[in-house]
Amino acid sequence: MNTQTMNDIAAHQSAIVDGPLKMSARNVNVYYGAKQAIRDVSIDVTMANVTAFIGPSGCGKSTFLRTLNRMNDTVASARVEGEITLDGEDIYGSSMDVVQLRARVGMVFQKPNPFPKSIYENVAYGPRIHGLAAGKADMDQIVEQSLKRAGLWEEVKDRLVESGTALSGGQQQRLCIARAIAVDPEVILMDEPCSALDPIATAKIEELIHELRGRYAIVIVTHNMQQAARVSQRTAFFHLGHLVEYGDTSDIFTNPRETRTKDYITGRYG
Amino acid sequence: MATGHTVKAFDEDLGQLRALVSEMGGRAEAAITGAIEALVNRDLESAAKIVTGDVKIDQLETEIEKQVVRLIALRAPMADDLREVLAALKIAGVVERMGDYAKNIAKRVTTLQDTRGLEAMSVLPTMGSIVTEMVRNVLDAFVTRDAGAAVAVAARDRAVDDFYNSIFRTLLTYMMENPHNITASTHLLFIAKNLERIGDHATNVAEMVYFAATGNQMEERTRGEDPLAGDE
Chain A
1 MNTQTMNDIA
11 AHQSAIVDGP
21 LKMSARNVNV
31 YYGAKQAIRD
41 VSIDVTMANV
51 TAFIGPSGCG
61 KSTFLRTLNR
71 MNDTVASARV
81 EGEITLDGED
91 IYGSSMDVVQ
101 LRARVGMVFQ
111 KPNPFPKSIY
121 ENVAYGPRIH
131 GLAAGKADMD
141 QIVEQSLKRA
151 GLWEEVKDRL
161 VESGTALSGG
171 QQQRLCIARA
181 IAVDPEVILM
191 DEPCSALDPI
201 ATAKIEELIH
211 ELRGRYAIVI
221 VTHNMQQAAR
231 VSQRTAFFHL
241 GHLVEYGDTS
251 DIFTNPRETR
261 TKDYITGRYG
Chain B
1 MATGHTVKAF
11 DEDLGQLRAL
21 VSEMGGRAEA
31 AITGAIEALV
41 NRDLESAAKI
51 VTGDVKIDQL
61 ETEIEKQVVR
71 LIALRAPMAD
81 DLREVLAALK
91 IAGVVERMGD
101 YAKNIAKRVT
111 TLQDTRGLEA
121 MSVLPTMGSI
131 VTEMVRNVLD
141 AFVTRDAGAA
151 VAVAARDRAV
161 DDFYNSIFRT
171 LLTYMMENPH
181 NITASTHLLF
191 IAKNLERIGD
201 HATNVAEMVY
211 FAATGNQMEE
221 RTRGEDPLAG
231 DE
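If you read the protein sequences in the order shown, they are chains A and B. Counting from 1, one number per residue, gives the positions in the first sequence under our numbering. Counting from 1, one number per residue, gives the positions in the second sequence under our numbering.
It is worth saying that the hints were derived from the structure and are not from the lab. Source: prediction; values computed, not measured. Keep in mind that a hint or two might mislead.
[Claimed, not checked] Residues from chain A shown here face chain B by an in silico Cβ test under 7 Å; the list is partial:
#	residue
1	R213
2	K262
3	I265
4	T266
5	G267
C-beta: ideal position from N, C-alpha, C; glycine also.
Build out the structure end to end from the sequences listed, making use of the hints.
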């Protein structure tokens, strides 16, 4: 990305007034072995907002999302350069506890992946290992509140002992969101959370994202541009590992400044 | 224009929309030219055809509306595509008005058929040809997404206003000189006013085309002080 574009983006970002800064990436490069997947990406994620990452397959949007809670640590060949901070603290710093980090920066994956345990245990698992509940009553409270916030409580309150894997796909995904919420995170990363769901289940997740946004900073990777347009306040377009454009979602979808963004969102890419 | 969409049917839909707008514009343009010609030649038959032909322009507006609704529902256009589709919808409404003005001019041919020797009559064709050229150019600019051509059209509106002001003064003089001229002069004044309105509408279309092409508003036209143009 040339300096001019960087300056434009910086100028544009400063024009958007929204929640306080939560996460900040500066000049991030990610490599898988010799292959560079992310090229010099700088971006800010703010509270009370949904930030959508869009771009064609292989553009690096999922890779970048996974750097935000160090999920790439599990990939042996992955190497991350640059600085990523959470509330100003370097998440790749030596003093950062990765388990703690992933509690603060939760994640929801493409395919619903509940544990093969009861609905209750799926939600209680995180709070338990992080020691967030003082006792049974406390845990019950956390489970109920998490399931309520995930919009699932009414559907499962009478069958909490049933296996989480017995739920429908959409319910499983909301269970995974409840599980992420249960450890009281500050940021929720969602990697294609609706791609395995039907339109009704998708709409429920989108409604949920809308309800959750006041409480968390949410970052969502999506292939569905309409979804990005529907749920996010800010959109970042990635292409070939570069952050091409980042701005207000309404601007990106009505009047993008970069030709590559325009070609992608209007369906001219490739 | 950028490269085509991955989904070719989307390009075909957009192409169809552009073709409809072009056809509608072409018909409005022909109606304006034809109305002025009928006036100059006192050709009642041609004038009557223009009046009935306006129905087709109205139908095209409906067709464009349908095509726009269909495109939005089925293709979910974004960015410049979205702006173009919305511009097409607005332009169709404006061109329909242009057709009405042409029809209105044609209707006055009957009343004016015995009029002789009014100087304004000789100026109207020139004014009419500038206006029709504006209409043609602005619709071409829409089809080719040419913001520069749109600006050029908007710049010509001033000349049309000048024509109108000049005709206004001339006809006023005629009416003061001889009250027998009042009926014909008033009709001619309305015709000139209709042409002036068409020019204004073409300029509005130019602004829509500019926005569709660039995503930015065209800079406000600098309007001259025209105390005679009054009712803007």
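Evaluated hints:
At a threshold of 7 Å, the smallest CB-CB gap from R213 (chain A) to chain B is about 23 Å, leaving the interface hint violated. The beta carbon of K262 (chain A) is positioned within 7 Å of a beta carbon in chain B (closest approach about 5 Å), and the interface hint is therefore held. Satisfaction of the interface hint for I265 (chain A) is found here, the shortest Cβ-Cβ separation to chain B being roughly 5 Å, below the 7 Å cut-off. Among the interface hints, the one on T266 (chain A) holds; its C-beta lies about 5 Å from the nearest C-beta in chain B, closer than the 7 Å criterion.
Below 7 Å, beta-carbon pairs count as interface contacts, and G267 (chain A) has one with chain B at about 5 Å; its hint therefore holds.
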